[in-house]
Every structure is written in C-alpha cells, then in structure tokens.
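In order, the protein sequences belong to chains Z and L.
For the first sequence, the positions run 356 to 609 when this note's numbering is used.
For the second sequence, the positions run 356 to 609 when this note's numbering is used.
Keep in mind that a hint or two might mislead.
Copies of the same chain are indistinguishable here, so a pair counts whether it falls within one copy or spans any two.
With a cut-off of at most 27 Å between alpha-carbon atoms, the simulated DSS-like pairs for lysine-lysine come out as follows [claimed, not checked]:
hint : residue 1 : residue 2
1    : Lys475    : Lys429
2    : Lys519    : Lys509
3    : Lys509    : Lys475
4    : Lys519    : Lys429
5    : Lys429    : Lys509
6    : Lys582    : Lys429
Keep in mind that the hints were calculated from the coordinates and are not lab data.
Number of protein chains: 2
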Amino acid sequence: MKPRRQAPLSEQIVDILQGHFTDGTYPPGSQLPSEAELADAYGVSRATIRSALAQLAADGAVKRRHGVGTFVSKSTQIANPLNEVIDYHDLITDQGFEFGFQHLEAEITQPAPEIATALKIDADSSVFEVHKAFTADGELLIYTTNVIPEWVYKEHISDEEILKPDSTEPLFFEFLANRCQQPIDYYIATVRPEIAQNITFVGDIAPVDPLLPVLVIEEVGYNAQEKPVLYEVECLFGHRMTFELVRRLRIAIR
Amino acid sequence: MKPRRQAPLSEQIVDILQGHFTDGTYPPGSQLPSEAELADAYGVSRATIRSALAQLAADGAVKRRHGVGTFVSKSTQIANPLNEVIDYHDLITDQGFEFGFQHLEAEITQPAPEIATALKIDADSSVFEVHKAFTADGELLIYTTNVIPEWVYKEHISDEEILKPDSTEPLFFEFLANRCQQPIDYYIATVRPEIAQNITFVGDIAPVDPLLPVLVIEEVGYNAQEKPVLYEVECLFGHRMTFELVRRLRIAIR
DNA sequence: CAGTGGTCTAGACCACATG
DNA sequence: ATGTGGTCTAGACCACTGG
C-alpha cells in the first residue's frame, strides 16, 4: 500500500535527532550542536537543518533560544492531547482497562436543523446516524453519536449495507477514510462540561450515575476541501482518564 | 517600551495577506496567486513568500494543496480557542455580559505535595497562593487558584506587598510578566469535567447551584527555560460560554 | 567580542494535480 | 504538458546572548 518513496531529508534528520533524544546522545535539557555543525555532520545545507529543527520545535521536542542554542525539551510527551483525535482503543487499554465496544443503533433519517446547518446540507436530505458506546472494564466510558450526509457514503455503500451493526468500524474516521474515500482533515470542536443526567442516550445502554461529570466534545469534521463530512458528539464520562493540552498565550501583554 | 524594530519581511507579507482576506481581495475559498507571482509582486524571494504562507497555513488561515494552489480558508476564526490562554475580561464582555472581578484571598503558605512536585520545589518551601473570582452580570463564571513559588516574586515584591488585594493583576500571567519578570512561555494543562458541589472554594463567595457542570483546567506554566513558574486551577462554570478547538488526527489510518 | 539562531536571496530540481 | 507547491543548496547578512 505504501510506495515508500524516500522521505524528505529534513524529515530524515528529524527522525535521527528524535532517536538521539531517547538513546542518551542528547538527553532532556542538553544542548544540541549548532545548526552549522549539524549541517556539516549530516552533509546537508543549513536550511535543511533549520527545517528539521523548526519541526521539532513545533512539536515541542526542542526549545530554541536566539543567540544561545537549541535544547532538548524536558517536559516532553503529554498524555492524551485533547487537540488530537482520540483512539479510544489505545486510550482504554493504555490505562490497563479492558476495552469494550457496543454498537447501539443505526438509522437513516432527517437531520435536526442545527446539524443540517453544521453539515451544510438541506434539512430534508437524508443522513446516516449511528450511536456507539465504549467501555473500560465493562463500565461506560464514552458514548458517541456520528452523523454523515447521504452524499458521503451513497456511492460506496448501500443504505441496506450501512445499517448493519458491523458495517461501520469502531473508529468512525477510519470508516470514512477506508469505506467512503472521505478522509477527515481536521475537526472544529466545542468542548463543554455536562452532567450525566442531562445526556440523552439512543439505544439500549446500562444506566450510569446521573451525577457523573461528563466532558462533551461536539465537533464537525472537514475533508481537505473544507467540506463538512461528519457531525459527531463524544461524551466522555467521569475522571477515569484525563486529557492534556499545551496552551500558549497569543495575547499581547500590556 | 517598544523599540519597534522593523518586522521581518515574511511577517509583513503575512499582515498584508491577512488584510486582503478581509478587504475582499481574496475572499474565503478563493485561490491566491502562485508563490512565484506573489514573490514577484512583493519583490521578495520565493522562500520569503513560502515562509509567510507556511505561517498562515499553520494558523489555519489558508489551505495549501500540492500541485493545485493556495486557498483562503472558509471556516476560519474559531471562538475561544481552548489551546490559547483566556483573557477573562474579553471573554465575558464579548458575550455582552458585565465583567466583574473579586479578589477572594491571598496567603503565603506551604504547598500541597502534588503542587510542590509540579512546581519542582521543596515541600517545605514557601509559596504565594491567591484565589479570585470572575463574574458575568454578577453571576459566578470563573474561579481560579494561582500558586507561585517564593523564588518567582521574592526579588521583586515583598511578602507584605504581595498580599495586598490589588497587588496582583486580575490576569495572573500579566502580573508574572510585568511585576516578576517571569513571563510564561507555555502551559501544560489537564482538562476535566466536574460538578460544582465537588469544588472547594477558598474565600467568601456567593453559593452556586451544586449541580452546575464545571470545566476544570489544571495547569502548570513554564518560563522560556522550561522552569515551572505557576500552578493554576481554573474552574469555568456552566455553559454561558463555550470553548472551541481545532483537532487533527495524527493517528495512521489502518 | 565570538557564537548562536533568525532572515533573506537566487537558483535548481522534484512531486503532484489537472487538462 | 503545464503549472502548482515541496525540497534543497550555498552563501550572505542581521540580531540576540553571554562571557
């Protein structure tokens, strides 16, 4: 599946350096050689080195200080970056729980007006809607609703086929990429807290403590052409997992 | 205070182009001139144009498609990006509410063990701790706790001075930058949902509905040397404001 | 002052999408 | 085949930091 064409030089450098961050050559906090030295060592131009270092800096793997040098970051990896899409399976198994998955209900229906607006489709067009649950050691951890417009799947899957419980993969973005040829480029999400008793479930689901805190992520997924492809609500129950985030200030300091 | 030295060319280009996105020259969805044309038009090298466009692409202002062109993003600005630090004042007034601020309590004390660990200080060293509340139309919207180690303020402000209610500015990162010469470079935050009844308040505060959902952001602020400078908890009550976030998938699709 | 990263140039070639 | 963005080079000069 991968033609495996040669990766760009700058990315090769990124990989090499990242390797050296973990193999002890450049431990956290240490200073890297200067750009000129790196360029010389790897036989590339300084611009290429700069490109690699810029990428590492954007990822937070190194810190650059003008007039001083480039340093390996100390506080490197963060746990479950909220600004990246969550792989529920890894999320649950990484914390030592047993992963469980439940297909609750699927239907073809008309979208609610807000959803039609968000997906930029007519309110009287059809959408496919599916509800799923993910459990950790049998306990409800995540409840999701996914809605896609008809045009997204129509040419690839029949209405009959898509309604089958095992038709859509647990991770919906994989289903969209693999089965609908509509990979998602990015999501725009809103995040809010909620209480379990305010969540309405579709499908047969074990009851949860009505006072459980819930993190609700409501988002629209767009393809590379910025066309809305997916409306999704994720409800994450309780505190059994936490999400992290790097925040920066873009505000000018008075 | 600003020597106002000339901004880099690439940033000037960024500003110019951003202006054209809103003045109708390049409306959302439209295609920009090619890199070569832009370089020619502004009398700079193609590398400079590329640098500007890369910055715009990173901000989400444009979309680049290899072999096709550069396009102005349609779904551009998002409301209250959760991955940027919040200016409470703007947050509240932007939504038409009246901004209110309350200094609740300040003290010099010993840190809890988790906090000492997070700040990388000894558990028996001193910290300054302050609690504040922000209201919208008089209703509690945000409750914050800020903790800084002694070394951060010691050389700039006396213990006596810092305990005065109007000593620290409402926005704590401004206080750190302006009064302590310790600007914060970035925060590492954990986000979780909570219920108001589980929040313990310090200081005199009007009671809130115990079942109100709360978004809790617990974070450590680091300076440019990656040294922890600030421990902070922000509790955001209810749904009167929402936070948005761009999410991407870095997971390989199977 | 020396050494670092930051900006910029002019030119070359490659990879991709489209007609 | 054409035009686009993606990668890379070699060299120059500037701006910041620290001894």
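Evaluation of the provided hints:
In this assembly of identical chains, Lys475 and Lys429 lie within 27 Å of each other by CA distance solely across copies; the values are 13 Å between and 44 Å within a copy. With identical chains, the CA atoms of Lys519 and Lys509 are at most 27 Å apart within one copy only, with a shortest distance of 15 Å there and 66 Å across copies. Taking the shortest alpha-carbon separations for Lys509 and Lys475, only the intra-copy value of 17 Å comes in at or below 27 Å, while the best inter-copy value is 56 Å. Proximity of Lys519 to Lys429 under the C-alpha cut-off of 27 Å is found in neither arrangement, the shortest distances being 48 Å within a copy and 35 Å between copies.
In this assembly of identical chains, the alpha carbons of Lys429 and Lys509 lie at most 27 Å apart only when taken from different copies (25 Å versus 49 Å within one copy). For the identical chains of this complex, Lys582 and Lys429 are inter-copy neighbours only, at 9 Å across copies versus 39 Å inside a copy, given an alpha-carbon limit of 27 Å.
Violated hint for the displayed structure: number 4, the only one.
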